[in-house]
Every structure is written in structure tokens, then in C-alpha cells.
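Given next are the chains, with one letter for each unit.
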Amino acid sequence: MIWNEKIECAGREEMRAIQSERLKDTVQRIYHNVPSYRQKMQEAGLVPEDIKSVDDLVKLPFTLKTDLRDNYPFGLFTVPMSEIVRIHASSGTTGKPTVVGYTRKDLSTWAEMVTRALCMAGVHREDIVQVAYGYGLFTGGLGLHYGCENLGASVIPISGGNTDKQLQLMEDFGTTVIACTPSYSLHLGEELKAKGIDKSRLKLRVGIFGAEPWTENMRKEIEASLGIKAIDIYGLSEIMGPGVSCECEYQTGMHIMEDHFIPEIINPETLQPVPAGEIGELVFTTITKEGIPLIRYRTRDLTRLIYDKCECGRTLVRMEKCKGRSDDMLIIRGVNVFPSQIESVLLEMSETSPHYLIIVERDGNLDTMKLMVEVQEQFFSDEIKQLEALRKKITHRLSSTLGISVDVKLVEPKTIERTAGKAKRVIDNRKL
Amino acid sequence: MIIKQLSVFLENKTGRLNEVTQLLGNAGINMSAFSVADTSEFGILRVIVTEPEKALLILKEADFSARLTDVVCLNSPNEPGALARALNILATENVVIEYLYAYSMDETSANIVLKPDNIEKCIEVFHAHQIDLVKASDMYKI
Chain A
1 MIWNEKIECA GREEMRAIQS ERLKDTVQRI YHNVPSYRQK MQEAGLVPED IKSVDDLVKL
61 PFTLKTDLRD NYPFGLFTVP MSEIVRIHAS SGTTGKPTVV GYTRKDLSTW AEMVTRALCM
121 AGVHREDIVQ VAYGYGLFTG GLGLHYGCEN LGASVIPISG GNTDKQLQLM EDFGTTVIAC
181 TPSYSLHLGE ELKAKGIDKS RLKLRVGIFG AEPWTENMRK EIEASLGIKA IDIYGLSEIM
241 GPGVSCECEY QTGMHIMEDH FIPEIINPET LQPVPAGEIG ELVFTTITKE GIPLIRYRTR
301 DLTRLIYDKC ECGRTLVRME KCKGRSDDML IIRGVNVFPS QIESVLLEMS ETSPHYLIIV
361 ERDGNLDTMK LMVEVQEQFF SDEIKQLEAL RKKITHRLSS TLGISVDVKL VEPKTIERTA
421 GKAKRVIDNR KL
Chain B
433 MIIKQLSVFL ENKTGRLNEV TQLLGNAGIN MSAFSVADTS EFGILRVIVT EPEKALLILK
493 EADFSARLTD VVCLNSPNEP GALARALNIL ATENVVIEYL YAYSMDETSA NIVLKPDNIE
553 KCIEVFHAHQ IDLVKASDMY KI
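Chains as they are written, first to last, in the numbering used here: chain A, 1 to 432; chain B, 433 to 574.
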């Protein structure tokens, strides 16, 4: 079923007309309400009236994740706080999180986007959806939740973790749709097997997986182990949350909700648009958002756009599965981690040096992060309990900043490779 | 009375201990007492050497995390109950021992290297009980 056929199957010219109107309105609102972006436009010699259609989009300055940090927490909001009804946050590049605010209309837009996404995935109102994304500041849980309710499906808001309970409810409640990170779904599949639960006892038929990169091979493995159709959903909190785009049953790229977000692909070096169909960095402009509209936000995700009509009948442009990042962000168990966050924690602590190495592994199907920190003379104690206490302190500080557990290992000085250029901070041994 | 013990941080990696002993050996530094404390992740080498300052410099130049730690060494009769008597004194006087290691010199005496939480108090207590502490200069020479 296509939830909003008029929009999702609109002709290209019709979509461009909608986008142009909404873009003009967004630029006006930002120009008059966000001093930092107004300044960027003035520096580029632009006034809102210069933007007449989507063709003028390329004239506008970019918005970066650092702009959100520099205006922490609410500096990029374009409405008074009395209009904001929800706040979410995700990892920033340093200690401060990236904060976004939603008006009542934003939440209803988001719910509609997720509902469309669910319909693309083949979910309907008879379904029982187990939402195993984390509920909280992370947009995954609540995003899926309101989309399911809007569709009329039955939601089990179980949130993340507690695998035993996940499996129990899945069986007892007859869950038909599971929404979680792809790596967690693999873990669920393994646990099913370990517990000797035959998948014929389950009613699962669809999985909605996102928040981290995954491959076609992982898809095959998930589909086989859980006996489901595995659908990729994409989103980021800065733009809205999950549901910015989603695959349909044909699984040939994720349809972008173009009436709300205009996608562009740029070369991350030259910042110029790449020729149609080429891989580059995905950039989004929100055109209906009220709380925190963003113009030309650089997602750092690398992908390409497919403008052909999809077999499902939708004309919404599709983006391929993300091929990587144009920055050093890591996604570990669905949590975004920047090496710079780790660096700032280590620098805040007087006992540690900023020399470190992150090793990411996939242990079974769960990602683990190990951090090697050099033991410097000034904090080397010859008592084991002191060194253990230091290790615990670093572990605790990192875990509370990053939101995931980190295995800290103390190593000898100068054992972490020094390079003349950009330091190599990350070894990612996950085979994706 | 205070002895400068060389302490070295070691990762649990093959060959690291060997490197330390070779560096010291090549520099003509002799070791008179030696102990390794280990955890699952790392170890700490504690060693008494002929020239602590020089040994420290050599290890630092080779990028080891090393430092000198103040310890005391008491000379005890090599007989049953001798260590118990010494430790009993410390316990009674509330001196906490962070770690210790010991070795026999011959049939008649043994040396016990001790890292107390409060070294001045520890020395005072042993003096008060007429317990012999090994002089640093003697210790380095052994």
C-alpha cells in the first residue's frame, strides 16, 4: 500500500514545484530567525529573494554539524520554546551533544514519514510491531513508535536490550514486525538458535533496520536467520530521525521523502554537486520543518541518488545504501561515536595523554570498542590498585560521554604509532 | 634507610621483560632483587639495581614508563616465624603494606623488600623495635 499516493507518485515537475515553494518559505524563516545563518547568507551576498526555485539551492551556504555545536543548545531553533514540544539529541563531535527541537507540526510530519516508510516495507495496521530501538534522546524508538501508531499498527515499545524478554514477547505476543539495528537483529537470530526456538513458532515477517551501515550479505543472513524481509530505513536526528528515507519491498534503494527534504550529492572536497548518478556526500535541506530547519546540511554519508521510477510505482528519488562516511564518525551498536569525543575526554583528564587508538571489532554480531591509552610517566603508579582505578575512571568517563561501554586497555608509552600527517586513531576490524 | 626501587610498567606482551633486563645488563647494571606483579592486562616490574638513577634514565630513553619508588628492606633471620614477627609489629602500629617481596640471603638471613603506605612511620616503628633495616648503599651492592 502507498500511504500518500499523490505525493509519493508525483511527477518530477510537480515535486519540483512543491519543493521550490517550500524552499523559499524555509529560507525566509531561517533568514529572519537565525542570526548565524543570516550572517552566512550576507557573507555570500544573498538575500532570501535570490532563492526563487530549487535551482537556486546551490547558491546557499552549507550547514555543518559544528554549526549545531556552536549554537548549542537551541541557537538554531526558529520558533520560540513555547512552540517546541519535544527535544532529541545525538552525539556531537566533542563533549556537547547535537540538539534538535520539534514543534507539534514537526512531530506529525515525522509520524507521517515513518508511516509512509512502514507502508513501503509492507507493514499494515494488522501488524504487531516490536520497537527494539532505544527510547529516549535517541530518535530511533520514539520515531518508529509514533509512525506505527499513526498507521494503526500495534506497537510494543520494548526499547533496546534485554534479549530474553525480546524473544519471549516476540513469541507470546505474535510479533510480526521487528524494528532495531541490523546488528542487533543478527544477535536476536543467534539467540533464537541458541535457545532452540524454531522460527516457525514466531510470526515475524518484516524487519525495519537502520541507525548503522549494513551490507547486502548481512541482509541475506538476517533474512535467513529470522525468516523475514529485511528493510533498510535511513534517517538522522538533525534532519528529523528515522524515516527520512526507506526501502520499499523491491529493496532497490531508499525512497527519500522529497516533499520534506531536498537531497543533493556533492563532492566533499570541492563542495560542488557531482554529475547525476555519481557517488558523493549526501546533503539535505529541510523544507517543512519548523523547530530547527536546516539548509544544505552535510550528512557526511556517502551515497548516490537514483531518479528512475521504482517498480513499486513511487517516483520519490531513491538513495543507495550508504557507502561510508566523509568524516571519521563510527557507528557502534547504532550509537554515533567521533574519535574527537574520546580525545576531548582524555584531554580533560590530567592523567592521560591524547595518544590513543580505537579498535572496533564485531564479536559475534555485536560491535565492541576497545581503547588503547598510553600510560604516561606522570600517571604511572607502581601500585596495581592505582592503575586499575585509573583504568576504571577512564572507562567510566568515556562510557558516560559516549553512551556505550568501552573496554580501556593501558599500554606502554610510544607504542601507539605516531604518524607525520593525520594520526591513525581507529582500526575498524568489522567486516562490512 | 630508604631504598630507591625501580618500577616499570609492562604490557603483557612477549619479550618486554627480556628487553628491560637486556637494557640494564648492557649498561652494566646489576639487579639485586626482582619481582613482577601481573594482572590480566599488564604487569609491573619492581627491581632493586646498583644504580637506580642511571637505570631509570636508560629505560626512559627506551620509552618505558618507569619511576623510582621509595621502599624499605629489612633483614630478618632466616627462621620460622621471623617474618610473622616483623609483620605483626607493622599491623599493631597500623602501617599498611602495599606490597612486599622477599628472598633468602643464605641459611641465616633473608631480605624483605616492603612498600608501606607511610614510609617514615614504618622506619620509625622498626627502629623502635630494634629491627634492622638494610642501608640503601648496601642493598644496591648485593
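I should point out that these hints are in silico values taken from the structure, not numbers from a laboratory. Careful: at least some of the hints might be erroneous.
Said to hold, decoys possible - EDC-like, lysine to aspartate or glutamate: derived pairs with alpha carbons at most 16 Å apart:
no., chain 1, residue 1, chain 2, residue 2
1, A, 414, A, 377
2, A, 309, A, 320
3, A, 409, B, 493
4, B, 445, A, 13
5, A, 321, A, 216
6, A, 203, A, 172
7, A, 414, B, 549
8, A, 385, B, 473
9, A, 414, B, 495
10, A, 393, A, 407
11, B, 573, B, 451
12, B, 492, A, 412
13, A, 40, A, 70
14, A, 414, B, 493
15, A, 105, A, 377
16, A, 409, B, 485
17, A, 385, B, 485
18, A, 370, B, 473
19, A, 409, B, 549
20, A, 385, B, 470
21, A, 309, A, 70
22, A, 229, A, 216
23, A, 96, A, 361
24, A, 385, B, 495
25, B, 492, A, 269
26, A, 392, B, 473
Claimed, not checked - Selected chain A positions facing chain B (in silico; Cβ < 8 Å):
no., residue
27, 268
28, 384
29, 417
As the list claims (entries may be wrong) - The following residues of chain B were derived to be distant from chain A, with all beta-carbon distances above 10 Å:
no., residue
30, 443
31, 469
32, 476
33, 492
34, 497
35, 512
36, 516
37, 533
38, 534
39, 535
40, 541
Note that the Cβ used here is the ideal one computed from N, Cα and C, for glycine as well.
Open item on the list: I'd like to know which numbered hints this structure contradicts. Please list them from smallest to largest.
Closed with: 3, 4, 7, 11, 15, 16, 17, 19, 21, 23, 24, 25, 27, 29, 30, 31, 32, 33 and 34
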